[in-house]
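Novice: Kindly generate the complete structure, drawing on both the sequences and the hints.
2 protein chains.
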Amino acid sequence: METIRTIQGLRSKLAGLRRERETTVGFMPTLGYMHEGHLSLIRAAKAQDGIVVLSIFVNPLQFGPNEDFAKYPRDTARDLKMAEEAGVDVAFVPDVEEMYPTPMRTKVSVSEVSERLCGASRPGHFDGVAAVVLKLFNIVQPDHAYFGLKDAQQVAVIEQMVHDLNVPVKIVPCPTLRESDGLAMSSRNVYLSPEERSQAPILNRALAEAEEALQNGEVRPEQLRQLVANRISEASLSDIDYVEVMQYPSLTPLDPQVTPKQLIVAVAVRFGKTRLIDNRILDLERMPSHV
Amino acid sequence: METIRTIQGLRSKLAGLRRERETTVGFMPTLGYMHEGHLSLIRAAKAQDGIVVLSIFVNPLQFGPNEDFAKYPRDTARDLKMAEEAGVDVAFVPDVEEMYPTPMRTKVSVSEVSERLCGASRPGHFDGVAAVVLKLFNIVQPDHAYFGLKDAQQVAVIEQMVHDLNVPVKIVPCPTLRESDGLAMSSRNVYLSPEERSQAPILNRALAEAEEALQNGEVRPEQLRQLVANRISEASLSDIDYVEVMQYPSLTPLDPQVTPKQLIVAVAVRFGKTRLIDNRILDLERMPSHV
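One line per chain: the protein sequences are S and X, in this order.
Position 31, counted from 1, in the first sequence is what the working numbering calls 31; the numbers after and before it change by one each time, with no gaps.
Position 23, counted from 1, in the second sequence is what the working numbering calls 23; the numbers after and before it change by one each time, with no gaps.
A portion of the hints provided could be inaccurate.
Given that identical chains are not distinguished, each listed pair holds provided it fits within a single copy or across any two copies.
Okay, derived cross-link-like pairs now, EDC-like style, lysine to aspartate or glutamate, Cα gap no bigger than 20 Å in a straight line [claimed, not checked]:
hint : residue 1 : residue 2
1    : K46       : E179
2    : K71       : E196
3    : K13       : D95
4    : K107      : E159
5    : K150      : D95
6    : K46       : E84
7    : K107      : D241
8    : K13       : D143
9    : K46       : E85
10   : K107      : D127
11   : K71       : E97
12   : K150      : E85
13   : K81       : E97
14   : K71       : E234
15   : K13       : D255
Just so you know, these hints were derived from the structure itself, not from any lab.
For clarity, every value in this text was computed on a predicted model and none was experimentally measured.
Specialist: This is the structure:
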């Protein structure tokens with residue numbers, strides 16, 4: 001694996017690899033502090049692409065002024081070791097100066113899909129995500145880009161942007177990976193105190209119950225929402241940011257007149273200072289009550 | 001020359017040409033209704049690139065609600081004939097449905113450089129330009145893209161966007177072409193009545209006088225601005241939208257403490273319902289008074 005810190009260096013390395021291998025490029029943009037979820041994206045890329053590129057960049061543009069940019073967990077040496085062992089060909093590790101050498105004047109905003117859920121709680125967050133992902137796509141020019149569905153709204157925002165701007169990249173959404181007790185893997189899980197950590201799996205349990213309720217015929221979104229919110233509230237350290245039931249993949253509110261093919265139940269919950277997100281995408285057409 | 005109306009068709013044609021010719025792609029996005037100015041861009045591309053692509057698309061996104069989208073002059077048959085004679089390899093002529101199959105949710109805005117001059121008179125115009133140019137770049141994936149400097153602010157906006165988003169395209173600005181009486185070539189010139197047409201060359205004369213004044217030592221921007229505005233006002237049918245003297249290429253106001261390397265004197269003037277723009281980029285370092 002080669003580790004490259006400059007845009008020019010990366011472009012020239014990839015041009016060489018493309019000439020040599022005549023294959024596709026798979027790409028995973030990450031904030032680093034990797035876990036098994038990231039490794040599953042790398043495995044998905046390895047299965048499809050002959051050149052696998054990973055970026056590690058904690059993007060200041062997607063953090064709000066009161067968010068955790070400065071204290072976001074970082075361990076690049078460990079990340080690079082994991083990436084190499086997983087078979088990544090090129091790790092792109094630019095610093096902030098390399099990515100933003102001059103004040104950023106170009107803003108990319110995706111309306112509708114960005115506005116609810118985390119978009120409402122984190123104003124400007126998805127503009128920052130869209131801009132850095134577009135920059136990285138322009139730098140790497142991958143054929144496929146892999147994203148975890150734990151950040152389902154991020155995936156939806158990027159898919160909308162790629163569609164609207166005709167970006168020549170295929171987005172590959174990948175399933176959320178979970179700890180053995182069901183907690184969705186996240187770099188931010190390291191922030192949790194032991195007691196918070198022991199309560200955090202309530203998110204997954206509540207979502208599983210919503211899925212079960214749906215399978216048992218409960219299709220009313222407000223009831224599903226309440227069920228999830230009530231269950232999460234049982235955890236004494238939980239502080240709900242949102243629990244929402246929306247159409248998927250549009251992330252628009254449900255229309256009472258129309259049954260969508262897919263729902264997403266999405267939650268964001270604080271435990272102390274740590275904000276965790278999770279979701280379940282529910283396929284209404286496959287539900288037995290719907291047949 | 002091949003004329004292609006779909007994105008998929010264009011991508012596959014260009015993939016084939018790239019494999020065959022192993023050369024660079026030069027691209028000119030246009031609104032059509034071509035004139036000698038467009039042909040000069042094609043000639044610049046022919047000199048540098050082995051594959052030359054021209055697009056003709058009147059982009060609704062860059063016209064305001066009270067602007068001339070519907071009546072913008074169109075003559076695609078004539079355009080295609082001119083493009084073929086000039087040696088274009090592929091003409092891309094999508095319709096609005098092909099470019100915007102679903103409501104556009106992604107907005108691209110370039111701050112500062114978009115805000116003054118035409119950006120102030122035409123709110124949203126440069127957002128529409130930025131979005132369609134980015135879409136076309138993603139569709140064509142050219143090595144070089146050629147733009148006329150009559151639209152100097154458009155060039156500056158695109159260069160800022162390309163820089164900020166690491167778009168892998170080199171922008172090639174090309175000089176403004178003029179009619180024999182000095183009027184800058186523009187598709188909109190056909191709107192002018194004979195009397196308006198006879199007065200319109202005042203824009204170029206006023207800019208030439210500003211250049212001469214600068215060569216004679218007049219470096220005070222407000223004096224240059226007044227000189228141009230006064231001269232244009234002598235034309236009885238003229239109605240000045242703006243006359244501005246700014247730093248180039250940043251298009252920021254002059255800092256009285258700092259002498260920039262280049263100035264732009266930019267004007268927008270209505271003759272009847274037709275709004276014309278023109279500009280002069282003045283190189284202060286080459287001015288004799290400055291040596």
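Novice: Now tell me, hint by hint, if it's right for this structure.
Specialist: How the hints compare with the structure:
{"no.": "1", "hint": "K46 to E179", "verdict": "neither (23 Å within a copy, 59 Å between copies)"}
{"no.": "2", "hint": "K71 to E196", "verdict": "within (19 Å within a copy, 64 Å between copies)"}
{"no.": "3", "hint": "K13 to D95", "verdict": "within (18 Å within a copy, 38 Å between copies)"}
{"no.": "4", "hint": "K107 to E159", "verdict": "both (17 Å within a copy, 14 Å between copies)"}
{"no.": "5", "hint": "K150 to D95", "verdict": "neither (26 Å within a copy, 38 Å between copies)"}
{"no.": "6", "hint": "K46 to E84", "verdict": "within (12 Å within a copy, 45 Å between copies)"}
{"no.": "7", "hint": "K107 to D241", "verdict": "neither (27 Å within a copy, 27 Å between copies)"}
{"no.": "8", "hint": "K13 to D143", "verdict": "both (16 Å within a copy, 18 Å between copies)"}
{"no.": "9", "hint": "K46 to E85", "verdict": "within (12 Å within a copy, 48 Å between copies)"}
{"no.": "10", "hint": "K107 to D127", "verdict": "both (7 Å within a copy, 10 Å between copies)"}
{"no.": "11", "hint": "K71 to E97", "verdict": "within (19 Å within a copy, 46 Å between copies)"}
{"no.": "12", "hint": "K150 to E85", "verdict": "neither (24 Å within a copy, 54 Å between copies)"}
{"no.": "13", "hint": "K81 to E97", "verdict": "neither (24 Å within a copy, 48 Å between copies)"}
{"no.": "14", "hint": "K71 to E234", "verdict": "neither (29 Å within a copy, 63 Å between copies)"}
{"no.": "15", "hint": "K13 to D255", "verdict": "neither (49 Å within a copy, 42 Å between copies)"}
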